[in-house]
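K.L.:
As given, the protein sequences belong to chains A and B, one line each in that order. Here the first sequence is numbered in the numbering used here, starting from 1 and rising by one per residue. Here the second sequence is numbered in the numbering used here, starting from 1001 and rising by one per residue.
No wet-lab data here; the hints were simulated from the structure.
Facing chain B, from chain A, some residues (calculated, C-beta under 10 Å):
| no. | residue |
| --- | --- |
| 1 | 80 |
| 2 | 82 |
| 3 | 103 |
| 4 | 107 |
Listed next, the in silico DSS-like pairs over lysine-lysine satisfying Cα-Cα at most 27 Å (straight line):
| no. | chain 1 | residue 1 | chain 2 | residue 2 |
| --- | --- | --- | --- | --- |
| 5 | B | 1178 | A | 160 |
| 6 | A | 116 | A | 127 |
| 7 | A | 127 | A | 114 |
| 8 | A | 4 | A | 210 |
| 9 | A | 108 | B | 1178 |
| 10 | B | 1121 | B | 1178 |
| 11 | A | 136 | B | 1178 |
Where a beta carbon is used, it is the ideal one built from N, C-alpha and C, also for glycine.
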Amino acid sequence: MTTKFISIEGIAKRYPASSGNGATTIFEDLWLSMPSGEFGCIIGHSGCGKTTVLNILAGLDEPSEGTVIVDGQAISGTSLDRAVIFQSHALLPWLTVMGNIAYAVSSKWRKWDKAKVRAHAQTYIDKVGLTGSEHKRPSELSGGMKQRVGIARALSITPKIMLMDEPFSALDALTRGTLQDEVRRVTLETGQTTFMITHDVDEAMYLADKIFLMTNGPGAVLAEIVENPLPRDRSRIDLHKHPHYYALRNHIIDFLVTRSKTFTAATPHHDPRHVPVVRPAFPEAPTMPSLHSATR
Amino acid sequence: MIQSLRFRAAVVSIAIFLAFIGVWHLATRQTLSVGTMSPEYAKLMGLTATSGKSAMPGPLDVGAKLWEHLKRPFYDNGPNDKGLGIQLAYSIGRVGLGYLIAVIVAIPLGFLIGMSPLMNKALDPFIQVLKPISPLAWMPLALYTIKDSSLSAIFVIFICSVWPMLLNTAFGVAAVRKEWINVARTLEVGTFRRAFTVILPAAAPTILTGMRISIGIAWLVIVAAEMLVGGTGIGYFVWNEWNNLSITNVIIAILLIGIVGMLLDQILARFTRMVTFPE
Ligand SMILES: Nc1ncnc2c1ncn2[C@@H]1O[C@H](COP(=O)(O)OP(=O)(O)OP(=O)(O)O)[C@@H](O)[C@H]1O
Ligand SMILES: [Mg+2]
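Pulled out of the complex, with its shape left as it was, chain A reads as follows:
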């Protein structure tokens, strides 16, 4: 196995139960690791704890048990090495596009003068195709443009790890497609390790090297790690022409539709430390899927 760049070691999250004493366990004994430069997607039904895992990884939330180790060190709190792209873009509405990105840049390089910060921010504005919109405020931007600013802000601090919480779920299909292309290009270019939450099976198949399948909560577990059998130089347009495409897609959808509910009961000896890794391939299921990518 490759070295673990990110290693989530036996984390649990519990909230005090709303009905008096005791606690609700969202998940426990969760183990997950990723080598450097890998793109991981986590898929699971609403409420199973995906955002919680991502927030713990970001340092925004603390696990009730367990630790997260990044690059050989247990994390404590947030870090400029781990950038987050928020689902709701979370731009500061009183700052312009330039202001929002420059705020991140000047937070990372505090000694830089204004000109240097702006020049650096400008390169990332150009990178996400927002040249000419530098002086607009978030309220003057479309949803896709706002999310681009969020992406540029995260990229501009050149983090080692990118954490994305359903970054494209609020966008129309066309904009989503373009942004997926951009994210894939940038992550391949920079070699960043990326961890992303999505509800979109096709998105996961296009972007991810590994897809983590989570069962339904409460008491959610990481059921399976799916390795992406599609070639690394895949393109979004003819993804579905690949022989392994339907095998992979059906496997994931089958999990989401049926196995995510029954997994815990059906697999009593599931070892959370050694989650099975599967690699769906052509002969498995050549049939057309009956469901489209929406899994909510």
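Knowing the structure of chain A, use the given hints to seat chain B with the ligands on it.
P.N.:
Frame of chain A; chain B with the ligands shown alone:
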């Protein structure tokens, strides 16, 4: 369409104004019959009664007097006879000073309360008890301890404007969107820088709304406070002119109090708009 609505509203406003002036004019022109009045009352009312004219001045009297005041707003003929400009300046000065001190106290304290749940809980009982006290109830205590009537008036302004600002600041700071705070956290922004670069701009509209409520209350209270402490100011002017039985001057003062109050409110409204950004 908008333009025409605005135009029509202006026409209606002017019509209402003219109707009001007309009714006022007619109502005050009507003469009382001197004969039916008891001789003592007639003597008391002086010229008003003997010439058969209403004690209530008409719009023309008020207009003429107002013109007189506007021509010489800043004359000073001793303690009981100063121009309206001077009196207003005194009042605005007191309000400004008391309000400024309130801003200096309320905003940092509001930040503390908003950012620290401990301080929020610890200070809450004091605020709950102090807030509903009428600012004028502080006056005797202020006069006794400060021993200066003008400073006491400033203190009363301070105490009445501090609460809305304090509560709004605390609320605005506590209600800053979690994701904006999270942005600052992921960027490892320190507490101090975070307070100025994220919390302050995010809470600014709420803080300024509190400041706008405060300036309104302060302007309401200054008139009453100056009536009590006397000496100078528009409140004292009203009281003094009432003692002189110059209803004309009282009406002019009322009008000016309204206009200045409106201007103060508009200034704060403008500031509020300047710091409000839609998402
Ligand atoms: N502060 C809290 N107190 C109690 N329960 C909470 C709290 N925050 C989250 N939860 C619970 O934790 C569970 C996981 O939440 P989380 O936001 O991680 O879900 P998710 O998998 O991201 O869902 P979605 O796909 O809808 O975003 C949910 O069932 C939620 O009810
Ligand atoms: Mg979520």
